[in-house]
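Participant: Chain order of the listed sequences is A and B. Each residue of the first sequence is one higher than the last, beginning at 1 in UniProt numbering. Each residue of the second sequence is one higher than the last, beginning at 1 in UniProt numbering.
Derived from the structure by calculation, the hints contain no laboratory data. Among these hints, one or two may not hold up.
[As the list claims (entries may be wrong)] For each label pair, taking beta carbons as the anchor points, the in silico distance ranges come out as:
| hint | chain 1 | residue 1 | chain 2 | residue 2 | range |
| --- | --- | --- | --- | --- | --- |
| 1 | A | E65 | B | E310 | 54 to 62 Å |
| 2 | A | L38 | B | V308 | 35 to 43 Å |
| 3 | B | D207 | A | V121 | 24 to 32 Å |
| 4 | A | E118 | B | E128 | 29 to 37 Å |
[Claimed, not checked] Footprint (simulated), chain B over chain A, 3 or more residues, beta carbon under 8 Å:
| hint | segment |
| --- | --- |
| 5 | 83-91 |
| 6 | 219-227 |
| 7 | 329-337 |
Built from N, CA and C at the ideal position, the CB exists for glycine as well.
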Amino acid sequence: MRSLLMTAALVNAALLAPPVLAQDAATLVEGVLAQHVLPGFQTFATRTEALTAAAQSDCQPQSAELRAAFHEGFDAWMAVSHLRFGPSEVDERAFALAFWPDTKGFTPKSLTKFITTEDPVIAEPEAFGEVSIAARGFFAMEYLLYDDTIATLGDAQYHCALVQAVAADIDRQAQAILADWQGGYATSMQTPSDAAEYATDLAAVAQLFKALDTGLQFNEEARLGRPLGSFEKPRPRRAEARRSGRSLRNITVSLTALEELSQALAAQTPGVAERLEAAFAVAFEQAEVLAEDPVFAGVAEMQGRFKVEILQQYIGNIRDIVTQELGPALDVTAGFNALDGD
Amino acid sequence: MTTRRRLLAGLAASSLMPSLGWSSVGTPDFLSAARRADGQFVLAGLTRRGDVTFTIALPARGHAAAAHPDRAEAVAFARRPGTFAVVLDCRDGTVLARLTAPAERHFYGHGAFSADGKRLYTSENDYEAGLGIIGVWDVEAGYRRIGEFASGGVGPHDIKLMPDGRSLVVANGGIETHPDMGRTKLNLPVMQPSLSYLSLDGDLLEDVTLPWAQHKNSIRHLALHTDGTVAFAMQWQGALKDSPPLLGLHQRGTPPRLLSVSQDSDRRLNGYAGSVSLSGDGAQVAITSPRGGILHVFDVTSGAAVAVHEATDVCGIGGVGQGFVYTTGGGLVGTLNGALQRHDLQWDNHLIAVSA
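Chain B extracted, bound-state conformation (with noise of 0.2 Å):
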C-alpha cells in the first residue's frame, strides 16, 4: 500500500498537479465525515492506528467521500436528496470546485475516481423517470460535468472502480425516492435490487440479482479486494422477523454467496447493515450495524462467521492488514482487538479507503 502510494505521489508530483499528495496530510488510511461537539461537520484523515491526520469544515452533515487517487483531495457529497458536492483541499479545506446535480437528479452520496483521478462517477437519480443514473465529471476541467449513463438500476447507492480499473461496480439499492416526498419509500412492493457492473462507458457487462423472495433486500455498500471479490451489505425492507442475510459475496461470472452467523444472531443485525469492508488480505469480511450495536466478521473463503463484536453505534469500517479498524457514533476507533482511541467527534456512516 504504501509502495503504491509512493509511486503516484511520485507521479502527481511529475504532472503539474495543483495539490500535493496524500502525505501532505499525514498520510490517512481513511476519510471520514464527523460531528465535532459543537455540532460543526468535518471531514477528517484517520490511520490505521486511530491518529485523526487532519479535520477539515464540511457545509452540513455529508454522506460518504470520494478520495482522489494520487492528490490529497476529496468529493464530500451531501447526504441524500442533496443536489451538491465539494471537493476539498484536505490540507486547509479549501473548496477546490462545486458539484452541483444537473436538473432532475440528485446524488445519493457516494462517488468513485477513474484510477489516473482524471474521471470521476457518482450515483445519482433521474427522479421524475425514477430509474439510477451514473454522472461522470471530468476532474482536469474543474469538475466539469461531461456526460452519464443508467445505473443499470434504480436507487444507486455506493459505487467503487473495480481492481482492473476499466469497469464499475454499482450496488442498485432497488429502492425508489422523490425529493420532493423526503426519503419516503415509494416502490417497495415492486422494488428489484441488483449489483451491476458497468463499463467506463456505461456498457451493462453483468447484472447480478438475489432471488425474488429477497426482493426487499436493498443492496447498499460495497467494498473490494484486489483479486475481484465484491463485498456487499443489504438493508431489509419487509418484516424484521423474515430478515434474510445482510452480507453477500461475489465474483463477476460466478453466482452470490450470502452469509450469515444464524438466523438469531443476525436479527440482533435489526435488518440494516451500515457499512461493508474486506479485511486488507481479503480473507475476512465484516459488516456493521449501527441499529444493533454489532459487527460480524467472516471467513471469506468459507463463509463461516468467525466473529460477533459488540460496539454501540458502531458504523464505519475499513480493512487494515489481517483486520479492522471501526469507528462509532460515540467518538470511538477500534479494532476486534479492543479500542484504539476515542476522540471527541461523532463517527459518520463511513470510513473511505485512501489509495487502496
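Here chain A stands alone, though its shape is the one from the complex (with noise of 0.2 Å):
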C-alpha cells in the first residue's frame, strides 16, 4: 500500500516540483566521496586486515579477540555496503563479503561439504576465491564462529585452516575494492565523460542517491520484513546475522552511514537535510528502545512484534523523504514507468 501511495505522490512530485535550485552536481559528489565512501572503504580495508591476523594469532570459535576483530569487520562492511556499485560489483566482491538474505540455505550446505571433505582449495587463497560465494565472507565466518553445528564440525585443524581462510579472502576483497576506489574509480566519478560510465556530473548523483534509497529499502524490507514475515507467520530465525547476535546492530551501523550519506547529498538543500536529520532520530530512538531484543527474537509476539514495526516504519518515513524531497531537489527523479521496475 505504501509503496502505491509513493508512487502517486513521486509521480506529482515529478510533475509538479521542479528542482528548486540549481545544484552543483560536481560538488556534491566530490563532498560524498571525501566524506564518506573513501573513509569508509579505507576503514573496512584497516579492520579486514586486523580480522586477517586475529584469526591467524587464534583461529578457536570461543577466542575473544577473534570475535571482537569479527565484529569491527562486519561493522565496517555494514557502513559500505549499501555502496553496492563500480568496484563493489566486480567479480561480485559484495556478495562474496556478505552472501544474505540465503534462502535456500547455499551457506551451510557449502560450509558442511568443505569441513566433511576436508577440501584442500583452502590452501590457496586464489582457488579459494573462486569458490562459491557462499562458503566466502561474513556470513560464513559467522557459521564458522557461532552456529551450534558448524562451529564444532569435524577436524579441528582444517575448521581453523578455514576459518582463516575465509578471513584472508575477506581482506582480499576488501584491499582490491579500497585499491580500485583510489585507482581510478573515485577519479572518473568526478570526470564525467561521453564515453566513460559517469556522462554528466548528474549521472554520478544519480548513482549515489540510488545507494541510499537502495540501502534504506534493504533495512526496510529485509533486514527487518524477513523476520517480520507475516503476523500469521511471523519468522524470527529469519533475522540477519542473529547467531552472533548482531541483527539490530547491522541496521544501526547501516542507518548511521546512510543518514552520513543523505547529509552529503542534502549538502545544499538544507531544509531537506534538517527533515532527513530529524526523520534519522527518531529511528535511532526507536532501534534504542530495541536494544533488550537485538536479534528480533521478539516478532513472535504482540509487544515485541510491534517494536519492530515501528522501525520498519521509521525507516519507511526515512525513504518517503528522500525519495519525494531530497530526489526531485537532486533532479534525480524519473519517469511513470521508469519508476516502475516490473
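Taking the hints as your guide, dock the two standalone chains into a single complex.
Facilitator: Structure (C-alpha cells):
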C-alpha cells in the first residue's frame, strides 16, 4: 500500500516540483566521496586486515579477540555495503563478502561440504576466491564461529584453516575494492565524459542517490521485513546475523552510514537535510527501544512485534523524504514507467 | 486480423456467451492500463491509430492485462506482489469475476488465455519454496482455480500462448522475491533466468538459458509471431557498464540469438528493457526502455539494427502491419514516423494485443 501511495506521490512530485535550485552536482559528488565513500572503504580495509591477523593468531571459534575482530570488520562492511556499484560489483565482491539472505541455505551446505570432505582448495587463496560465494564472507565466518553445529564440526585443524582462509579472503576483497576506488574509480565519478561510465556529474549523483534509497529499502524490507514475516507467520529465525547477535546492530550501523550519505547529498538543500536528520533521529531512538531484543526474537509476540514494526515504519518515513524531497531537489527522479521497475 | 476477429466474434455469438465481442467496445487493437490526470487508474482500449475506444476504472495501479480471445473481457492484474486480479467487462467496467491467488502464492502480473478462451494461465510465485508456478483457471466456471504446475524456473513474469495453441512460453525472470520483503531481490548472485516452453498440462517441452556470464540478465517480457518466433526482453541486474544485449530471439529447437545496436548505444537502455514487440508482419522486433527514453528496432532475419528512436518514458509497444505503435508515461501514442495522438493519460507498462 505504501508503495502505491508513494508512487502516486512521486509522480506528483515529478510533475509539480522541478528542482528547487540549481544543484552543483560536481561539488556534491566530491563531498560524498571525501566524507563518506573513501574513508568508509579505508576503515573497512584496515579492519579486515586486523581480522586476518586475529584469525592467524587464534582461530578458535570461542576466541574473544577473533570474535571482536569479526564484529569490527562486519561493522565496517555495514558502513559501506550500500555502495553496491563499481568496485563492489567487480567479480561479485559484495556478494562474496555478504551472502544474505540465503533463502536456500547455501552457506551452511557449502561449509559442511568443505569441512566433511576436507577440501584442500582452502590452502590456495586464489583458488578459494573461486569457490561458491556462499562459502565466503562474513556470513560464512559467522557460521564458523557461532553456529551450534558448524562451529564444532569436523577436524579442528581443518576448521581452523577454513576460518583463516575465509578471513584472508574477506581481506583480499576489501583491499581490492579500496585499491579500485583509490586507483581511478573515484576520479571517474568526478570526471564525467560521454565515453565513460558516468556521462555527466548528475549521473554520478544519481548513482549515489540510488545507493542511499536502496540501502534504506534493504533495511526496511529485508533486514526487518524478513524476520517480521507476516502477522500469522513471524520468522524470527530469518533475522540477519542472529547467530552472532548482530541483527539490530547491522541496522543501526547501516543507518548511521546512510544518514552520513544523506547529509552529504543534501548539503545544498538545508531544509531537506534538517527533515532527514529529524527522521533519522526518530529511527535511532526506536532502535534504542529495541536494544533488549537485538535479534528480533520478539517478532513472534504482539509487544515485541510492534516495536520492530515501528522501526520499520520510521525507516519508511526516511525513505519517503528521500524519494519525495531529496530526489526531486537533486533532479534525479524518473518517469512513470521508468520508476515502475517491472 | 479482422477476418480472424470476425470469425471469433461469430463463434462467441453462437455459444451463448454472456458478454459481447470486442466490436462492442470499438474494436480496439490493444489494451493498456493508464493513470488519469485525477489519479484514477483505468484500463483502456486503443486502436492502431491512437484512438481510445473505451476506458473503465481499475481498483489500483495494475500491471499487464490478458484479453479474452473473443469476448470483450479482460483480466487486469494488480502489480506484483499482488494477490488479486479482476475480470472486467470492457463495455462498462462491470466486474465479472475476481481472482484471488491461493495461500502462499502471488501473481506476477501477466496471464494468457487458451485459444478457445476456456482456460486462463497466470504466472505466480510459490514464495515459501522460491519457485515459479503457473496457475490454471476455469473461465466458464467463473474463473475457478483448477490447478497449477511448475513454471520451469524462478520468478515467472510474462506468459504467452504459442501459435500452435497447445503450448505456453514463459519468461522465468530468475529473481526470487518474497512478499514479506517487498520487491527486495533475494538471490541475485545465484539467479538463473530461463525461457520455458510448457505443454498446457505443465510438461516442460524445452528450456532455454543463456551462458552463465549472463545469468543476471532477467528474462521478463515476451512477444510472438505466428511462425513461432519468440522475442524476449531482459533487465540486467549486474553492473551497468557490463550490460549485455537486452533483446533475444528464439525459435523452438534452435539456439537463442541476442540483438544489439552497439555497446555504446545499448548502454542508453540503462540495463532495462520495459516491453518488447514484433511488427505485425514479423519482420521487425523492437524493445523499449523507459529509463533510457529510447526504443531500438531490429530486422528479425539479419538481426541488424534498423532504428533508434527517442521518446521520453516510452514503455508500451505493439506490432501493427510493418511497424509499431508505442505509448509513453507522458500520454503519447506514437509510431516511428511520428506522434499519432496525445491523451491526458499516463500510459502504463504494456500494450496487450487483442485477438492477435
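Participant: For every hint, state whether the structure bears it out.
Facilitator: Each hint tested on the structure:
1. A:E65 - B:E310: 54 to 62 Å: With a Cβ separation near 60 Å, E65 of chain A and E310 of chain B satisfy 54 to 62 Å, so the hint holds.
2. A:L38 - B:V308: 35 to 43 Å: holds (38 Å)
3. B:D207 - A:V121: 24 to 32 Å: holds (31 Å)
4. A:E118 - B:E128: 29 to 37 Å: Once the Cβ atoms are compared, 35 Å apart, the range 29 to 37 Å for E128 of chain B and E118 of chain A holds.
5. 83-91: Held - the segment 83-91 of chain A has 4 residues with a Cβ nearer than 8 Å to chain B, which meets the minimum of three.
6. 219-227: holds (count 5)
7. 329-337: With 4 residues close enough to chain B, the hint holds.
The structure is consistent with each of the numbered hints, conforming to all of them.
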